[in-house]
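Novice: One letter stands for each residue in the lines below.
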Amino acid sequence: MTARAVTEATFEQEVLNNDKAVLVDFWAEWCGPCRAVSPILDQIASEHADKLDIVKLNVDENPQLAMKYQITAIPAFKVFEKGEVVKTVIGAKPKPALEADLADYIA
Amino acid sequence: MRDIIIIGSGPAGFTAAIYAARAELKPLLIASSVEIGGELMNTTEVENFPGFPEGIMGPDLMGKLQAQAERFGTEVVYDDVVSLDIDGPVKRVTLGNGETHEASALIYATGSAYRKLGLPEEELLSGHGLSWCATCDGFFFRQKTIAVVGGGDSAMEEATFLTRFADKVYVIHRRDSLKASKIMQQRAIDNEKIEFVWNSEVAAIVGETAVTGVTLRDTVTGEERLLELDGLFVAIGNDPRTHLVHGKLELTAEGTIAVDGRTSKTSLPGVFAAGDVIDPHYRQAITAAGSGTVAALDAEHYLAALGNENAAEALLENEFVAVD
Chain W
1 MTARAVTEAT FEQEVLNNDK AVLVDFWAEW CGPCRAVSPI LDQIASEHAD
51 KLDIVKLNVD ENPQLAMKYQ ITAIPAFKVF EKGEVVKTVI GAKPKPALEA
101 DLADYIA
Chain R
1 MRDIIIIGSG PAGFTAAIYA ARAELKPLLI ASSVEIGGEL MNTTEVENFP
51 GFPEGIMGPD LMGKLQAQAE RFGTEVVYDD VVSLDIDGPV KRVTLGNGET
101 HEASALIYAT GSAYRKLGLP EEELLSGHGL SWCATCDGFF FRQKTIAVVG
151 GGDSAMEEAT FLTRFADKVY VIHRRDSLKA SKIMQQRAID NEKIEFVWNS
201 EVAAIVGETA VTGVTLRDTV TGEERLLELD GLFVAIGNDP RTHLVHGKLE
251 LTAEGTIAVD GRTSKTSLPG VFAAGDVIDP HYRQAITAAG SGTVAALDAE
301 HYLAALGNEN AAEALLENEF VAVD
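These protein sequences, in sequence, are chains W and R.
The first sequence begins at 1 in the UniProt record's numbering and counts up one residue at a time.
The second sequence begins at 1 in the UniProt record's numbering and counts up one residue at a time.
Please note: incorrect hints may appear among the correct ones.
Facing chain W, a subset of chain R residues (Cβ under 8 Å, in silico) [to be verified]: (1) Val34; (2) Glu35; (3) Ile36; (4) Met41; (5) Asp80; (6) Ser83; (7) Gly127; (8) Ser131; (9) Thr135; (10) Cys136; (11) Asp137; (12) Phe139; (13) Phe140; (14) Gly207.
Distance condition first, Cα-Cα at most 25 Å in a straight line; then the derived DMTMM-like pairs of lysine to aspartate or glutamate [to be verified]: (15) W:Lys78 - R:Glu122; (16) R:Lys144 - W:Glu81; (17) R:Lys26 - R:Asp85; (18) W:Lys93 - R:Asp60; (19) R:Lys26 - R:Asp87; (20) W:Lys78 - R:Asp60; (21) W:Lys20 - W:Glu81.
Just a sample of chain W residues kept apart from chain R, beta carbon distances all over 10 Å, derived [said to hold, decoys possible]: (22) Leu52; (23) Asp101; (24) Ala107.
For the record, the hints were derived by calculation from the structure and aren't laboratory data.
Where a beta carbon is used, it is the ideal one built from N, C-alpha and C, also for glycine.
Start from the sequences and build out the full structure, keeping to the hints where you can.
Specialist: This is the structure we're talking about:
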């Protein structure tokens with residue numbers, strides 16, 4: 001399962017108004033670590049689909065949102081609950097480390 | 001049990017894999033989970049790798065090395081090594097997913113990791129204006145004022161690359177001259193957006209929730225001053241990644257894995273090391289690749305002595321003359 005893409009047009013509906021917790025993966029094509037961590041996120045997404053929604057936001061194509069959420073390093077992962085950012089994780093990490101960071105939302 | 005396991009997916013690891021795979025040793029290469037391809041994955045244009053007169057992008061070069069290794073039968077695993085048991089004749093490598101793989105020979109080519117400044121605020125501000133990856137994060141500093149710390153080739157490359165985005169790039173260096181190669185220096189010096197801050201080190205990074213500046217300390221007078229910045233990129237060198245072999249393999253005073261002369265032989269039989277993890281001096285993609293070749297041939301020689309016919313045949317084909 002590949003995490004679906006969100007854009008500035010769909011962000012409100014898919015992320016801010018989502019009933020579940022949503023992890024937004026801020027990424028770009030030219031970011032090597034972003035591409036490396038992507039399959040790990042896909043795995044986490046399929047293993048915890050009941051608890052956590054995982055979506056991808058391309059910062060190149062959606063610069064307004066990248067600016068709004070003050071992204072200065074990618075990959076950056078932000079978990080949203082009820083429209084609010086409740087957790088930020090920055091940088092590509094091995095799966096066990098990411099799972100530990102996200103324990104509150106997937107355990 | 002396998003003939004050979006290679007740990008690391010940079011130029012050393014993949015080149016060792018090309019040789020070992022062509023020798024029909026069916027190497028297993030542990031590529032890591034998030035740093036596949038190693039340091040070159042975070043670079044842009046590579047202009048000094050022989051055979052690419054027009055230059056090649058770092059990630060493209062690594063993709064080609066991997067494809068070449070896989071073409072001859074290398075199996076690549078995208079996971080991290082969590083522990084090693086390498087004292088005996090069977091080398092055991094345990095991965096993050098819990099699997100343990102066994103082989104007669106091991107090539108250790110884990111490269112090096114970015115050196116940190118060693119400041120307490122580093123952890124907190126990392127990703128909030130403090131970065132080790134210009135190609136990843138430069139994009140977010142359009143029309144900003146930023147600085148690069150360091151005086152080597154990678155600092156020059158980062159500073160030059162960052163001028164695509166930033167209005168102003170300071171290069172902070174603790175000496176009054178650079179270690180970088182002439183061509184990289186000149187490129188940075190000629191760039192109007194780059195200003196050098198000589199004889200200065202970063203005493204502190206300033207900022208509550210994001211970088212707003214740095215406190216610079218003059219390395220000659222000891223005087224301190226504030227330099228206001230939107231972002232800080234660190235390129236002060238690398239440290240060999242040896243934590244998995246501490247207490248298992250002999251290290252040098254420089255912290256690299258000790259090898260015997262120009263070979264790849266470590267202090268344990270059947271364990272070979274290659275690339276930046278053994279090299280405190282040259283640290284180039286092409287020297288790492290050469291070093292990977294040495295490790296593969298040494299490993300083949302070791303396996304041939306254990307009776308491995310494929311290895312013995314490959315050594316003949318490569319006209320290998322044993323060092324010992």
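Novice: Run every hint past the structure and note whether it holds.
Specialist: We went through each hint and held it up to the structure:
With a least beta-carbon distance of about 4 Å to chain W, the hint placing Val34 of chain R at the interface is held under the 8 Å criterion. Interface hint at Glu35 of chain R: satisfied, since its Cβ lies 7 Å from the closest Cβ of chain W, which is below the 8 Å cut-off. At a threshold of 8 Å, the smallest CB-CB gap from Ile36 of chain R to chain W is about 6 Å, leaving the interface hint in force. At about 4 Å, the closest approach between the beta carbon of Met41 of chain R and any beta carbon in chain W falls short of 8 Å, and the interface hint on this residue holds.
Of the supplied interface hints, the one on Asp80 of chain R holds, with its beta-carbon coming within about 5 Å of a beta-carbon of chain W, less than 8 Å. The restraint placing Ser83 of chain R at the interface with chain W is violated, with a minimum CB-CB distance near 13 Å, outside the 8 Å limit. Here the hint on Gly127 of chain R is kept, as its CB sits about 3 Å from the closest CB of chain W, short of 8 Å. For Ser131 of chain R, the interface hint holds, the least distance from its beta-carbon to any beta-carbon of chain W being 5 Å, beneath 8 Å.
Look at Thr135 of chain R: its Cβ gets to within about 7 Å of chain W, closer than 8 Å, so that hint holds up. Look at Cys136 of chain R: its Cβ gets to within about 5 Å of chain W, closer than 8 Å, so that hint holds up. Interface hint at Asp137 of chain R: satisfied, since its Cβ lies 5 Å from the closest Cβ of chain W, which is below the 8 Å cut-off. For Phe139 of chain R, the suggested interface contact is upheld, since its CB lies about 7 Å from the closest CB of chain W, less than 8 Å.
Checking Phe140 of chain R against chain W by beta carbon gives a least distance of about 4 Å; that is within 8 Å, so the hint holds. For Gly207 of chain R, the suggested interface contact is broken, since its CB lies about 11 Å from the closest CB of chain W, more than 8 Å. Annotation: proposed proximity of Lys78 of chain W to Glu122 of chain R holds, straight-line Cα distance about 21 Å (limit 25 Å). Restraint check for Lys144 of chain R and Glu81 of chain W: not satisfied, since their Cα atoms lie roughly 32 Å apart, outside the 25 Å limit.
Between Lys26 of chain R and Asp85 of chain R the alpha-carbon distance is near 21 Å, which keeps this suggested pair within the 25 Å criterion. With a C-alpha separation of about 22 Å, the suggested pairing of Lys93 of chain W with Asp60 of chain R holds against the 25 Å cut-off. Distance hint between Lys26 of chain R and Asp87 of chain R is fulfilled; the C-alpha atoms sit about 22 Å from each other, no more than 25 Å. With a CA separation close to 30 Å, the supplied pair Lys78 of chain W and Asp60 of chain R exceeds the 25 Å bound.
Between Lys20 of chain W and Glu81 of chain W the CA atoms are separated by roughly 7 Å; this keeps the pair inside 25 Å, and the hint holds. Every C-beta of chain R lies more than 10 Å from that of Leu52 of chain W, the closest at about 19 Å, which supports listing it as non-interface. Asp101 of chain W, annotated as away from the interface, keeps every beta carbon of chain R farther than 10 Å; the closest lies near 13 Å. Residue-level check passed: Ala107 of chain W sits 18 Å from the nearest beta carbon of chain R, beyond 10 Å.
Hint compliance for this structure: hints 6, 14, 16 and 20 are not met, and every other hint is.
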